[in-house]
Structures are given as structure tokens and as C-alpha cells.
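Note that the protein sequences, when read in sequence, are chains A and B. If you use the numbering used here, the first sequence closes out at 309, no skipped numbers anywhere. If you use the numbering used here, the second sequence closes out at 319, no skipped numbers anywhere.
Honestly, the hints are just simulated from the structure, not real lab data. Even for Gly, the Cβ is constructed at its ideal location relative to N, Cα and C. The reader is advised that the hints may include incorrect statements.
[What the hints assert, rightly or not] Facing chain A, according to a computed beta carbon distance under 7 Å, are these residues of chain B, among others:
1. 40
2. 145
3. 217
4. 235
5. 240
6. 277
7. 291
8. 293
9. 294
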Amino acid sequence: MTCVVELRDVRREFRAPQRVVHAVDGVSFTLAEGDVLGIVGESGCGKSTLARVILGLIPPTGGEVLVDGRSLASMDRRERARLIQPVFQDPFSSLNPRHRVRDIVRLPLAAQGDIPAAKQRDRVMQMLERVGISAEMAERRPAQLSGGQRQRVAIARALVLHPRIVVCDEPTSALDVSVQAQILNLLAELRRDLGLTYLFISHNLAVVEHIATDVAVMYLGRFVEQAPVDALFRDPRHPYTRALLASVLTPEPELGIPDVGLGESYPDPANIPPGCRFHPRCPMAEERCGREAPDGIVRHGRLVECLLA
Amino acid sequence: MTPILEAANLRVTFGTGVAAVRGISLGVARGETHCLVGESGCGKSVTALAIMGLLARTAQRSSDVLRFDDYDLMRMSEREMSRVRGDKLAMIFQEPMTSLNPAYTIGSQMAEVLERHRRVSRAAALDRAAELLARVGITAPGMRLKQYPHQLSGGLRQRVMISMALMCEPELLIADEPTTALDVTVQAQILRLLQSLQRELGLALLLITHDLGIVARMADRVSVMYAGEIVESAPTAALFSAPSHPYTRGLLRCIPVPGSVRRDEPLGSIPGVVPRIAPGFVGCAFRDRCDHAIPDCARVVPRKSAAPGHDYLCRLDAA
Chain A
1 MTCVVELRDV RREFRAPQRV VHAVDGVSFT LAEGDVLGIV GESGCGKSTL ARVILGLIPP
61 TGGEVLVDGR SLASMDRRER ARLIQPVFQD PFSSLNPRHR VRDIVRLPLA AQGDIPAAKQ
121 RDRVMQMLER VGISAEMAER RPAQLSGGQR QRVAIARALV LHPRIVVCDE PTSALDVSVQ
181 AQILNLLAEL RRDLGLTYLF ISHNLAVVEH IATDVAVMYL GRFVEQAPVD ALFRDPRHPY
241 TRALLASVLT PEPELGIPDV GLGESYPDPA NIPPGCRFHP RCPMAEERCG REAPDGIVRH
301 GRLVECLLA
Chain B
1 MTPILEAANL RVTFGTGVAA VRGISLGVAR GETHCLVGES GCGKSVTALA IMGLLARTAQ
61 RSSDVLRFDD YDLMRMSERE MSRVRGDKLA MIFQEPMTSL NPAYTIGSQM AEVLERHRRV
121 SRAAALDRAA ELLARVGITA PGMRLKQYPH QLSGGLRQRV MISMALMCEP ELLIADEPTT
181 ALDVTVQAQI LRLLQSLQRE LGLALLLITH DLGIVARMAD RVSVMYAGEI VESAPTAALF
241 SAPSHPYTRG LLRCIPVPGS VRRDEPLGSI PGVVPRIAPG FVGCAFRDRC DHAIPDCARV
301 VPRKSAAPGH DYLCRLDAA
């Protein structure tokens, strides 16, 4: 099995006067070809910052990102673009409203600078057809498309260079459920047919369970638990993972609203608690959890950053 | 028991004749949670605004019955309406950041509600505000009253919105996507809170959401909206165990349920998009996306009964 993406202790800080925000605070993982790593966590946990670092949109302030065994920092933009492409949450703001769909999808090819125009056009039309956008829709501008159609265009733009890795940051969060299912099915199909590797960021655990092969749970800038998808959902070990899973409201009328027992104190990435970063909200916390950091603990064959797991 | 809110054949059209709400009927009883569920653009928020009398001036509202408690909402002037709104009839919105005024403290915004509707001093109004903040689980309410909205997290702001809506002890609370902007963990906390307040105060709750998980866990009764109509209405258990409208069934198939994922199978989805309803539209609005559509579906659709209290808008027989 080839490892396509590897992160080694990646960190990203943002400095403001009197405040240092540790958005990503030491993340390491490897991702094999064809895998889908789902990253879940609450807003502000650093998942989008991590996506931007992996895309090379912002440099890490520590650690290293390797793609195909080579450092991301050593590649130029064009090379990076051939390997990694993004699909963002909001197809209303991620597509240029003044351009036609076909030009939006052509831009990554044109930016490479060495692909003949006729070939660019062919590849654009092929890719649009592949994602279910007709030749007639290719002449339109984003405002004339529905949310689901726009997200299909964003996917076509991401895939037109035949990248190996696609970073999907909340790709279905802005869509209605009936359309969300269409897009998830399309992404799953494309992965199978094109042998893609996905990094799939979402706050929706049900969506992640459906599409991911592995899941990482992120809390205040770190992966606090990571495991194959079935193991994580069947047997969550970290108390935070348990709380997240308990909060999912499945359509089962006989069950009420769960008591997740997290309290109201909200995590602040500029002020990370000592010891276990989750201990102020943890229903199981003991005295030592405030002193000892559980970084990198492996139990039950998986990463579980908890002293008590 | 007569419902505290009753609407019959409520319609809302906008300037050019575009119908957003096309003759819906619903009732909410005291102490009941009625969920209005549907996808974006189905008319659920417009329905809420029509009840509250908060529609834009370009909108036209008509209804055979639109009654809240003893008030005929269709006949009330704006002045009369503003006396009821925020008092016996309260509403909370999706985005707590845009519905709180950033220039005033939490305390002053909360106190204003009570001062407007009751003869109370500022001090008494602030006492009541502090009491309610504590009631919704906010620690150190005295300090929070002095803060501005931007100093609070999303979950805290939504708690503030809820306690503000409760200042005058409303009888009906309309909540439009009250947890959509929040994380799942905070969502669970807020919904638990709404539920316990409702039981304690005997509140009637009209809860508007696109999330069938919330519906399943919160509602006593569910009405499913599609393209401005209620296509199915049923007690919650019946809706989930015996959905009768093809749209309801399609929606239920679209939700990935944790623990029952079959990864090699595609998720259910509903092909196509919601149609534009032009003036003079007749027949079933779902027919272009429906597997069971026949030419007859372009004619007026009957409202059928699947069971007592469970009706749906389709020519098909019940499930």
C-alpha cells in the first residue's frame, strides 16, 4: 500500500497582539492511496486550517506535509495543483460569478500553461459530463445554477487536472438533504472510478460515516482519536468522541434529546488548558487529567489521547 | 381542545404573483410541539413570518382562518399586532448574531421587551432577565447582562435569544431553525432546554427545521412542506413508521443513519430540483421528481387520510 499523504507533527499558529491562536497543534497521520480520512470536530477545532495547510494555501508554522514522499514546501504551485485540489463548502462563494461554467472548470488547465487549448476544451467537457453537468449548462454562469449543480461544477474543477488527492471541506453542508445525498454518491463513485484519495472534513458524523474509511476526531487543534470508521463508530474510546456521537440526532422518534454532559464552557484555541486539553469539559475527568498531557497515547490499536481510555 | 394557533388555507404571494405558501392549514395545541419540516425554499419560514405579521410589504397574505388564542390575526392592525408580538406570541430566529443588536448590551435588549409590554421598572426588568438567563443554564447571569452580543459564543447567544423570547411568558413560541448555526453538541443542549422549558411552562412550540433528526426527537406532530404546500401531516411516530407521501419517503431515504451504513450502496436521493411554481400552477408539485407520477398528477390532487390525524396530498393509497 502506498502512502500518499503524510503529516509529521504539523502545527499552525496565528499571532495577534497578546494572543497566539494554536489552530493546529501537532497533527500527524498517514493516508494510503484510495483511503478517505474523515475529519470531524466542532467549529473552531482547527479542521479548516488543517485543510488549508494540506492544500498548501498557508504554510505550517511547524512540522512537515509530505505528498508522495516529497515535501509539499518543495513544490511549486503548478505541481501542487496537479496533486491536490479542494472542494469547499459554499459553492455560492467559491465559483467566480462573472465566469461561465466552462471557463471556471478550464482555469486549472489553463494555469498549467502547457496544455493546448483544444485539449483543454475536451477535458473540460468530459469532466462536466462525468459530474452530470450538460453542455447547455456549461454556457451558464453560477447564479443560474442550483446549489447542487454548483457543487458539481466545483467538483469538476477540482478533478479536471486528475489530481490524486481531493480535500473536501464541508462539501455538502450548504445543501439540502436530498441534494446532499446526490453529491455524496457522486463523490463516492468518482473515488472508485478514478482511484482518488480524499480528506473529508465535516461536522456531520452521519455523512462521514457514510463516505470515510478512517475517521479522525479533532479537538482544539489535535487529533484526539483516530481509527477505521467501523471501529470508531462501533466502539468510540475518547470521551469527546462519545459525546459527539451521542449528540447526533438520528431519526428515531422513540429516543429523546440526549444529555451529552459537556457543560457550557467553550474551548478557546488561544488558551489551551494544561494537561488534557479536553479535561475542563470532560464528564470523566480526574485530578491528574489537569496535569498530564495524553499526547500520542495508543490504546486498543488506535490513537486515543485520553489517560483513562 | 381547541388549538392555540390555527391556520386554514393560508396563502402568501409576492409581488409578481409567485406563491410562497399555497393554502396550508395547521394547528398547534397548548403544550404541543408541532414541527414544520422541509428543504430550503419550501415556504416554511414565510409561514412563520405570515403568522407573526412580519412579512415584507410586497407580500400579500390571505387566509380563511388565522387565529392565535382569541386574536383574529387577519384583522389586527400593526399597532395591535405589536402588542401581542413578543408578549404572548414570541419567535426566535436561526442566526442569533444578526437578530441581536450589536450596539446594546444583552441586559438592555432583554429589559426592553418587558418594559414594552408591562409596567415595570428597569431594575425589575433586569431582575427578570437575570432569572431567565440562569434558567437557560447561563452561569454568572449578572455579568452576561452587561456584555455585548459579540462577547458571547454562538450557543450562549442562542440561549440569550430563548430567554429573551420568554421574558413575557409567551403562550406560543415559533422557533425558526433555532440550532442550525450551532455545533451538534450545543444543539443537543439547546433542544433539551427548549423541551424542558416547554414542559414546565406548558408552551406551545412551532418548530421550523430542515432536520428530520430534530423532528423525530422533538415533535408531537409533523407537517412536511414542499413547494408551498403541506404534503403530509401526521403524529411523529406515524410519519416515521408509515410515511405516505413519496416526497416524505424520499426524504427519509436520504438521511445517512449512523450505525446502519452500508458503504457499498449509494444513499437514497431525490433526483431533480424543486420546481418554480408559476401563477396558475395546477396539480402535484412533486410530480417531476416522483417515481409514481402519471398524467393524472397534473390535475388537482386529493388530500387523503392514512389514519386518524394523518393526511397526505397524493393520489396514491397510503403505505
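Checklist entry - Which hints from the list above does the structure break, by number from lowest to highest? => result Hints 2, 4, 6, 7, 8 and 9 are the ones this structure does not satisfy, whereas the remaining hints hold.
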